[in-house]
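The task is simple: from the sequences and hints, build the whole structure.
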Amino acid sequence: AQSVAQPEDQVNVAEGNPLTVKCTYSVSGNPYLFWYVQYPNRGLQFLLKYITGDNLVKGSYGFEAEFNKSQTSFHLKKPSALVSDSALYFCAVRDDNAGNNRKLIWGLGTSLAVNP
Amino acid sequence: DAMVIQNPRYQVTQFGKPVTLSCSQTLNHNVMYWYQQKSSQAPKLLFHYYDKDFNNEADTPDNFQSRRPNTSFCFLDIRSPGLGDAAMYLCATSSRDRRSLGNEQFFGPGTRLTVL
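Heads up: the protein sequence lines correspond to chains A and B, in order.
Numbering of the first sequence is given in our numbering, commencing with residue 1 and proceeding in unit increments.
Numbering of the second sequence is given in our numbering, commencing with residue 1 and proceeding in unit increments.
Incorrect hints may appear among the rest.
[Unchecked claim] Here are some chain A residues the structure puts well away from chain B; computed CB gaps all over 10 Å:
1. A14
2. F67
3. Q71
[Claimed, not checked] Only pairs whose alpha carbons sit at most 25 Å apart, straight line, appear in this in silico PhoX-like list of lysine-lysine:
4. A:K103 with A:K69
5. A:K69 with A:K49
6. A:K103 with B:K17
7. A:K58 with A:K69
8. A:K22 with B:K38
9. B:K52 with A:K103
10. A:K49 with B:K44
11. A:K103 with A:K58
12. A:K69 with A:K22
13. B:K44 with A:K22
Hints are computed from structural coordinates only; laboratory data are not their basis.
Predicted model only: the values in this text are computed from it and were never measured.
Virtual Cβ for every residue (Gly too), placed ideally from N, Cα, C.
Printed below as a string of structure tokens:
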């Protein structure tokens, strides 16, 4: 069955330290992977995606993510966290079932808190 | 700027009183989605339109209906809101053609629905 897992409900990091938000996936074919961020009382904002090509994907606001096929992971990273990065982060993968590939399968989200 | 607009941002209705939420987009995307999101949970897809083709999720209650009169606009109708329908409702769009299998979804700011 296709799925996305975000194993951490919450991640706490000090400002200026590197951050990692974890995501693992399970799909039957090639994965199309996405990261979104949601600030309080706002819609989701697209950060980055992996479709094919380089395993390291760079996105908005200094975020990047590393696709690891052998570990079926797509962890979100940032070298130096900002307090303003505090938000809810969602990992998603395109539904690979026939006829469903306009839809995304979502992780449960990880709340990131960056402490000053 | 091209964007996804949702009105109103906050909607209060009474138990059982029909309510309509609206979404418009200037992106000229052919796919539009409606999601329900409760208290920092993952967004739950209710239905989506691929052009005029309506696609309902199997577990979307009959109480939820949608209309897409043209490419730019999409409406979510809740015929008899219950207390359990209080949530954030998110509209999203995506461009979908044979060349763009991995296109991301663009979200509006959401409408927070309160049911009294």
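Now for the hints, and whether the structure bears them out:
1. Every CB of chain B lies more than 10 Å from the CB of A14 of chain A, the least distance being 23 Å, so the non-interface label holds.
2. Every CB of chain B lies more than 10 Å from the CB of F67 of chain A, the least distance being 13 Å, so the non-interface label holds.
3. Distance check for Q71 of chain A against chain B: the nearest CB is about 21 Å away, which clears 10 Å, and the non-interface claim stands.
4. At roughly 22 Å between alpha-carbon atoms, K103 of chain A and K69 of chain A fall within 25 Å of each other, so this suggested pair holds.
5. In summary, the hint linking K69 of chain A to K49 of chain A is supported, as the alpha carbons are separated by about 15 Å, within the 25 Å threshold.
6. Under the criterion of a C-alpha separation no larger than 25 Å, the hint pairing K103 of chain A with K17 of chain B is inconsistent with the structure, at around 30 Å.
7. A distance of roughly 17 Å separates the Cα atoms of K58 of chain A and K69 of chain A; the hinted pair therefore holds under the 25 Å criterion.
8. This hinted pair checks out: K22 of chain A and K38 of chain B have alpha carbons roughly 22 Å apart, not beyond 25 Å.
9. With a C-alpha separation of about 16 Å, the suggested pairing of K52 of chain B with K103 of chain A holds against the 25 Å cut-off.
10. About 20 Å separates the Cα atoms of K49 of chain A and K44 of chain B, which keeps this hinted pair within 25 Å; it holds.
11. The hinted pair formed by K103 of chain A and K58 of chain A meets the criterion: a straight-line CA distance of about 23 Å does not exceed 25 Å.
12. Distance check on the hinted pair: K69 of chain A and K22 of chain A sit about 14 Å apart at the alpha-carbon level, within 25 Å; holds.
13. A C-alpha spacing of about 21 Å is found between K44 of chain B and K22 of chain A, which places the hinted pair at or below 25 Å, so the restraint holds.
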